[in-house]
Amino acid sequence: MADQNTSRRRFLTATGSAAAAVALAGCAGGDGGDGTETDEPMDTTEGGMETTETAEPTERPEPTTREGYLQRANRLIHDEAPWVFLHRQFSVYGQSDDIEWQPRTDERVAAYAIEPATDSGDDVVMTQSQMDSGLDPQDHRETPTDNIVLQAYEGLLERDAEGAIVETLATDYQRLDETTVQFTVRDNVSFHSGDSLTPEDVAFSINRIVQEDVGIASPQVDQLLGVEGAEVASTDDRTVNVNLSGLNPIVFASFATYCDVMNKSWVESNDGAYINQNMEGTGPFQLSNYEQGVSVEFQRFNDYWDDEAAISTFTINAAGEASTRVNRLVAGESDIAVNVPPQEVSRVENNDGTSITAVPSTRVIFNAMRYDVEPFDSPLFRQAINYAVDLESIIENVLQTFGSATGQPTLEGFFGYNPDLDPYPYDPDMAEQLVEESGYAGAEVELVTPIGRYLRDVEIAQAVAAQVDELSNVSASARQVEFSTLVSQVTTGNIEDKPPWYLLGWGNATFDAIQTIQPLLASDGSLTSYSNDELDRLLDEAQQLPSETN
Amino acid sequence: MKIGPISISPRTIRNLRKEFRSSGLARIGVVLVVLVLLAAVFAPLIAPHNPRTQTLDQAQLPPLGFTDTEQQTRSEMVNGSIETVTENVTVNATTTYPLGTNSLGQDMLSRAIYGARTSLLVGFFGTVLAALLGVTVGLTAGYYRGRVDDLLMRTADVSLAFPSLVLAIALIGLFSRFQADVAYRITDPLVSTGFAGWFRELVGLPTPMPETVVLPTVVILVVGFVNWVWFARIARGEALSIREEEYVKAARALGGSDARIVFRHVLPNAITPILVLATIQVAAIILLESALSFLGFSGTTLSWGFDIAQGRDYLSSSWWIATVPGLAIVLSVIGINLVGDWLRDALDPGIEGEGGL
Amino acid sequence: MSDTAAAGESRGAPAGHPDDVLRVRDLSTRFFTEEGQVNAVESVSFTVRDGEIFGIVGESGSGKSVTALSLIDLVDSPGRVTGGEVWYRDADLAEEFRDRLPDAVDGEFVDTRRLPKGVRRALRGPAFSMVFQDPMSSLNPSVTVGEQIAEAVEVQRRATANPRRTRSRTQGYGMGKLIADTLLPNRGFTSESSMNRAIELLEQVGIPDPAERAHEYPHQFSGGMLQRAMIAQALAGEPDVLIADEPTTALDVTIQAQILNLLRDLQEQAGTSVVMITHDLGVIARMCNRVGVMYAGQIVERGTLSDVFETPVHPYTQGLLGSIPDLDDPAPRLQPIEGNVPSLLDEEMGGRCFFADRCPKAMTDCLQPISEYDADPGSDEHTARCVLAEREFSEADALPPDHFDRNEEVRGDE
Amino acid sequence: MGYGRFLLKRGVQGVGVVWGVVTVVFVLRFITPGSPIDTVAPLDASQETRQRIAEELGLDQPLYVQYLDYLAELLQGNMGYSYISSIPASVQVFQKLPATLELAVAASLVAVALSIPLGVISATRRHEPADYAATSFSLLGISTPNFWLGIMLVLVFAVELNVFPTSGRAYGFGQTLAAITGPEPFFTVATAWLASLFLPAITLGTYFTALITRLVRSGMLDELSQGYVRATRAKGLPETLVRYKHVLRNTLVPVVTVLGLQLGTLIGGAVITEAVFAWPGLGTEIIRAINARDWPILQGSLIVIGCGFVLLNIAVDALYAYLDPRVVAE
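Going line by line, the protein sequences match chains G, W, P and Z. Each residue of the first sequence is one higher than the one before, counting from 1 in our numbering. Each residue of the second sequence is one higher than the one before, counting from 1001 in our numbering. Each residue of the third sequence is one higher than the one before, counting from 2001 in our numbering. Each residue of the fourth sequence is one higher than the one before, counting from 3001 in our numbering.
These are computed hints drawn from the structure, not numbers from a lab. You may find that some hints are simply not true.
Unchecked claim - With beta-carbon atoms standing in for the labels, derived distance ranges: (1) G/Gly-332 / W/Pro-1098: 37 to 43 Å; (2) P/Asp-2092 / W/Thr-1012: 54 to 60 Å; (3) Z/Gly-3058 / G/Asn-494: 21 to 27 Å; (4) W/Leu-1151 / Z/Ile-3180: 37 to 43 Å; (5) P/Arg-2080 / W/Ser-1257: 42 to 48 Å.
Beta carbons are placed, not taken as given, at the ideal position from N, Cα and C, and that holds for glycine.
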């Protein structure tokens, strides 16, 4: 509960000081930073070369913008190295030549974007790694289910393939004041049942997430944190007002990620089990067959408000094993295979009629090191581990180039990314020297990794542990656990329950640095393994300023 | 011959010898088991490499005899887009890695040798645990009969109603809470005394070897707990019949305590079928352990099942990664089963088809 | 086609009495075990006549049961009948094979050993059948007694229903038919009428409430009742030759007499020939017309009951009978003879009289193979495998008492 | 004891076993780390959100209340709702059951069809090549981990030779039946169904084929040495009948007993076979439920398996009584 109070406090503080935010309302676009600007003119050293100066940020002028604060936070994190920075995961798809399709950064696959390339490309099958956790679009928060519900449901805002915010069921959106934002609901939209979309449906859908008495205990509520409720402002103007508890710099980014719109009367007249096995949305596809845990079949919705979908049916099935997914693709049983592992890439490429497409994803892979236990309480030791890891080699050999090295928690292209920071270079001598300086020579450490949760997670952990183990003064090994076991340790809210050193991946669909740093590294973050007053201060400052984008 | 409370009659030894002489299969079994045992015990001496050492630039080398030159299309991610390079690649098998390497460039032969340790440790200790539990329950049930028997055997029924693999997976979840607290790394005496290092220098093998052996405590506890029923059934049956023997009746009439009678009279006479069952169970538990590792529910990465799971991802490109550990399992389990058959044929304890995955 | 074991020259059926139904010549059965070759039956010859009871008597291990099994070709692996002829009188059978297997046919006699395996098997039931020692283990515990007898009846029915008998019996019942019979209701190997016949047979052997008991399982029967049922089963095929292997050994003394009487009565009614195998001289004396004494796989002496019992020639026979004062009051059990029955291992047999090592009258002549000698000029049926049938015992030729002990040592203990 | 009472007693015992299964799962649930909330809630969900989810799932109640509630609901045929999908556990479990049954039945058919003839041939032709072949096969069969066998079969028959699909279940039995009258060509549907079933059934069936072959062989050898076999032959019964009606039937008594005990192994094998072939059955569901701590589904699956175990064992007992009339008498 302490975390919750702190979060609230932060929003209240923000409310008091950020009247200026209002003026920025209505600006669209997800351009979190084009990667060239920096507000750190004092930065002359090469990223990562600092060794013992941990007080670096104090020598720099105080940032002035939200992006500046976030960039500064990233620098601090880079220097303090609470993580072993690894890489940005790539989404690698195998696809049939029967279709034309470009993957998206946020790992979502919209069948609407698929076009047939040949005559047999009209009925498309996708094999992903697992099936849905029920069809209620508001009762889940993970990519496999997203991929299923987004075919039939739509939100007010969505993102394009590059991550920019675009209007879908809203035709306009703006901040009315610091605690109110307004959406204008698109006209002439009908649900699959034939009912027309009303502003009432939109308000209900928002309330169903954030107000427990209206709907369900939605796991998306934290994504809409600070949203207190919605009401129809004007039926004629088709406007809906959303009330916030305080200034939320990224409220539109949040609405572009979650909050699918449902048909109020349909929801109210059916029970949860029915809603989880049927769909009633406004999306370009409607559900034609649902076999729980096995497959979901869609067919084109002919009354879609925009252009009709180019393909007539879309089927999603699942196979947990990557080789199985590729087998299905190569055998022509499937048109898109999700998460093709590196070693299967040549098989897909060499096969006639299939090819690989890949994009960088929104997921960063790292090894968290708990700041409160020996030997990880020493920043020098943590840096040493970063120097000990040959990231280039891991990306080249384990990931077979399907990843890009990182040196900060925020990914390139995200709001708050600091372009001046390079990944730590591989320098075992430096690492050994730092270990000596840290006073933890001879330490034994164990890296805990989940099995099969992330692309080649166990191999990466083994490689990291082996490389650290190569240091003359540290011995390291890797231990694998079930993902659920790791999750249960990581999510208790107590840092003491976490393993001292563990591999995790973090997907951030809001394209904003805060959604990575706040939960994972802030002192009061729900998953934090780290605590640093200066970092907390930088984040607080950042959250009191509006995001340049909205 | 006497081992603790167990005495082996000369007739038994004669039967064993006779069966061993007449059965070629028994001999094959003993040879296989001895080989696996030697590999497990002397792994730090004979493994060509440290099984954990990664040589990422030597990854996925084929076993000897499978050198292959082929045109390969290699795809690379360059700045977010795919570039395809077609080149002639010679995948050289090398005597350095006689059975090839896996995706991390670890030596398959060394991993197979070290995997024997995990399998045998789990197989042996798991069986001992299962036997201790099962025999205690079975003897108690069979000796006291009546309500005690009913209660214990209904418990056994419930236990049987759970598929052992499912029960094991569920229990591993339970025990993994304690996993970090249980000391499950044991120092490898061959390495810590420096003998392995000295020996390997001498014969020119690379050093150093892993200094500790991971004892997958949780898996051992779980497989022991899952497989007790088979021992309970056998022990109960033996106890039921032995308690009716005159000498047991006599011991009871003389006022011997129950524990003493069970330990001195019932157990020694029930030991033959228990031993035979234990042999078969070692095989069954090795299979169970490999299944658990395969599904990712094991405590160590040095396990045949784990390697198979990893190799499965490379089936289309590097078949040997899954094949080598699989063959290791098959050969060891065949060996143990053959020894079990030998013991069963020679001792004829009247058990057939008890135990299982 | 033929897997006839008896190779060599064709000699035809041995000469004998016109009433003979069975003439056995030089029958040999060997067991090929891991310890070595065991000569369980060694050149056994005898004849059985219509309607008579021929007894074979010997200690356990003397090969009498194997002889019985060899007759009806039921020796199990690792045993095998390695030689000899079993001439069986059956005019129809002789006619059927006269052209195809001229060597196997002589007059009305057919050498069953030279017949194809299937035909030999088909002779079981209608031609030969057998009553076993332990009725409890000789009936299938999980099939009703009536059903088991009905099966025997059915075998006989199917054989006689089809004139092409051998073919119908060898190939009449295969897997397909079995599966069909098992899966389809109201079908089975046995029919209702054969079941009725089984009940009749049960009644005939003196089982009360036969209709009900027919549907009971062997474990619900007492030993005596079960042996009656066994006899009913053996008679179901209306065999020409019934082989009774120790039919009363496993039974209580009180029941033994009942069973023997029953056997005798049935035999007289049907005129069946019986080969009675027993170690019980009393049974022999009571039941048999003629008798053969077996020792170490050989018939060492044979002849009519009185030939053998009153004027035994072979010292073994004499030893057996030694303590029996009177035919009318025979002792029920054999008297022990000093020494052990030999192991019958081929390598240990040597070409000598097998009894020589226990024989009080062993002579140097006994160290060579002994053939059957005519023992009694007055009877052409009394023969003995003993030199004493030809000559008198002479101290001069006697072997020293430790002769075989020495050899024993030389051979060493395995 | 009468046959009816015999079955009744087994039925009562069966209910006890199912109750035991429910209780054990509840105990496991109490002591197992990893709350279902962790899998339902997103990684960064606030403690408040977690609390709300816990309340919705009824996890805030004391365990004994949850237990009694569950038992009461179970008696009314309600197995709760999936934590993940909110679908009734009974619906979700019974949707998965046919696929697993199909696999288990196919594997059993393979096993019985192959093993009995193999065992009989092996026993009746002892020390002949056929015996050595059957003995070697069965030794290999019981010594090969079935997941590895599955992988190797996929490697050879699906990846290299491409004659069977690598994974998944095509159509299923129900849809294949429907295709007889339905619009889809029956032959295509049936072929696809059987092709998808083939490798999984072989994978699961091999261990049992090998096990039963061994049991039948040794049982048959024992049984062939029994006196009644000789007696049965002596009365002239055709050898087919001797072997199959008399000897095999008695051999099956211990075989059936062992198989009754090995049902758990069959289900365990199905779990891992399903994992190898991405077969959408109960096994896949169980592994998923364990990983996700979806207790209602796990509990429902285990109850269904427990019931199956009890029912099949009653069936085995009945079969046993049929095969060996002495059982009922005792």
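Hint check results:
Judged by the Cβ atoms, the range 37 to 43 Å given for G/Gly-332 and W/Pro-1098 holds: they are separated by roughly 38 Å. A hinted range of 54 to 60 Å holds for the C-beta pair P/Asp-2092 and W/Thr-1012, which are about 57 Å apart. Between Z/Gly-3058 and G/Asn-494 the CB atoms are about 24 Å apart, so this pair conforms to the stated range of 21 to 27 Å. Our hint of 37 to 43 Å for W/Leu-1151 and Z/Ile-3180 is violated, since their Cβ atoms are close to 52 Å apart.
Range check, P/Arg-2080 to W/Ser-1257: Cβ separation about 58 Å, and the 42 to 48 Å hint is violated.
Violated hints, in rising order: 4 and 5; the structure is consistent with all others.
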